[in-house]
Amino acid sequence: MLSDQALVKRVAREDDEAFRSLYDRYADRVFRYAITLLRNQHLAEEAAQETMVAVWKSAGRFEGRSKVSTWIFGIARNKAFDLARREKRGDRTPEINLVSPDPAPALLKEEQVTGALGTLPEAQREVVYLTFYEGLSYGEISRLLGIPEGTVKSRMFHAKRKLVEVLT
Amino acid sequence: MNACERIRELMPWYVNGTLSHEEMRDVTAHLAGCEACSEELALTLRLKVSLDDDLRGLPKLPETVAKKVQAAIGGRSIAQIDVGSFLLGFSFGARVQKSGVPVQGDLKLLGRKIQLFKVGKEE
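Quick mapping for you: the protein sequence lines, in order, are chains E and A.
Take the first sequence: its position 155, counting from 1, is numbered 155 in our numbering, and each next residue is one higher.
Here our numbering runs 168 ahead of the position in the second sequence, where the first position is 1.
Source of the hints: derived by calculation from the structure; they are not laboratory data.
Among these hints, one or two may not hold up.
Said to hold, decoys possible - List time: in silico DMTMM-like cross-link candidates among lysine to aspartate or glutamate, alpha-carbon distance up to 20 Å:
1) A/LYS228 x E/GLU134
2) E/LYS88 x E/GLU134
3) E/LYS162 x A/GLU208
4) E/LYS88 x E/ASP28
5) E/LYS9 x E/GLU63
6) E/LYS67 x E/GLU122
7) E/LYS153 x A/GLU208
8) E/LYS88 x E/GLU122
9) E/LYS57 x E/GLU87
10) A/LYS235 x E/ASP28
11) A/LYS235 x E/GLU87
12) E/LYS153 x A/ASP221
13) E/LYS153 x E/GLU134
14) A/LYS236 x E/ASP15
15) E/LYS162 x A/ASP194
These numbers come from a predicted model, not from an experiment.
Please take these sequences and the hints and turn them into a complete structure.
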């Protein structure tokens, strides 16, 4: 099985089979990261879509200085926050769905991050997600979020305190 | 910051296995002689298990997104059907593109791909 780095190199040469492998490895993880950040399934789907398109377009600029996962999550983070900003300003054009959807399932799609994780503020939720679900080191999280390592540890410390309250 | 505080700060990354060798060694050595921090480790592990349950409840990315990505990158194939078994040493795969027309069939034998047919030009 090819490494992530080898796949990105091939994607940079427009190898669609390599992109499919990368998509299979990352699209769902990017979606879950986005939904953890945004708590909105529709926006998270768009973030995942835009992220994977950006991976295709910018693979040639990936220099291999970070892990592929950190690079992709960095793109996903920017896309998610950009979509959230546009949504807040009201200048995002929702995708036109020709089949009129039943509004009930759409309503259920909001606020999908439930349970203990959903009780945390966004900044703590993100650190907890990246640590326990994606298995990133505190150094990787620090670089991805552009914050000092001490801040990563402090967010985790406060998140743990809150989670203990909720879960015990 | 005392020794216990430093160890507890590192605990989540001790659990996910990403500490440096030196940090891993320090935490392990400290845990051997500190009951309070061992309890904190057990608590961190319980939190992780509870969170895993929450995260497993998150929805999966709908398959329609793959089609939208495919369209956005110029109709390149990101959908593939494979029949066969890696364990048996062979599989047959057909790729489709934006147009929905099968354009290529491959036979994979013990990891080697042999192209069987190709219909039309790839977009």
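Comparing the hints with the structure gives:
Straight-line distance between C-alpha atoms of A/LYS228 and E/GLU134 comes to about 16 Å, which keeps the hinted pair within the 20 Å bound. Straight-line distance between C-alpha atoms of E/LYS88 and E/GLU134 comes to about 28 Å, which puts the hinted pair past the 20 Å bound. For the suggested pair E/LYS162 and A/GLU208, the alpha carbons sit about 14 Å apart, so the restraint of at most 20 Å is met. For the hint pairing E/LYS88 with E/ASP28, the CA-to-CA distance comes to about 25 Å; that exceeds 20 Å, so the pair is violated.
A hinted pair counts as satisfied when its Cα atoms are at most 20 Å apart, and E/LYS9 with E/GLU63 qualifies at roughly 10 Å. Of the pairs offered as hints, the one joining E/LYS67 and E/GLU122 is violated, with about 24 Å between alpha carbons and a cut-off of 20 Å exceeded. Our distance criterion of 20 Å between C-alpha atoms is met by E/LYS153 and A/GLU208, whose separation comes to about 15 Å. Among the hinted pairs, E/LYS88 with E/GLU122 is consistent with the structure: their alpha-carbon atoms are about 16 Å apart, no more than 20 Å.
With a CA separation close to 24 Å, the supplied pair E/LYS57 and E/GLU87 exceeds the 20 Å bound. Of the supplied pair hints, the one linking A/LYS235 and E/ASP28 holds, its CA atoms being roughly 14 Å apart against a limit of 20 Å. Between the alpha carbons of A/LYS235 and E/GLU87 the distance comes to roughly 23 Å, so the proposed pair goes past 20 Å and is violated. In summary, the hint linking E/LYS153 to A/ASP221 is not supported, as the alpha carbons are separated by about 23 Å, beyond the 20 Å threshold.
Between E/LYS153 and E/GLU134 the CA atoms are separated by roughly 16 Å; this keeps the pair inside 20 Å, and the hint holds. Taking the CA atoms of A/LYS236 and E/ASP15, the gap is about 18 Å. The hint holds against a cut of 20 Å. In summary, the hint linking E/LYS162 to A/ASP194 is not supported, as the alpha carbons are separated by about 27 Å, beyond the 20 Å threshold.
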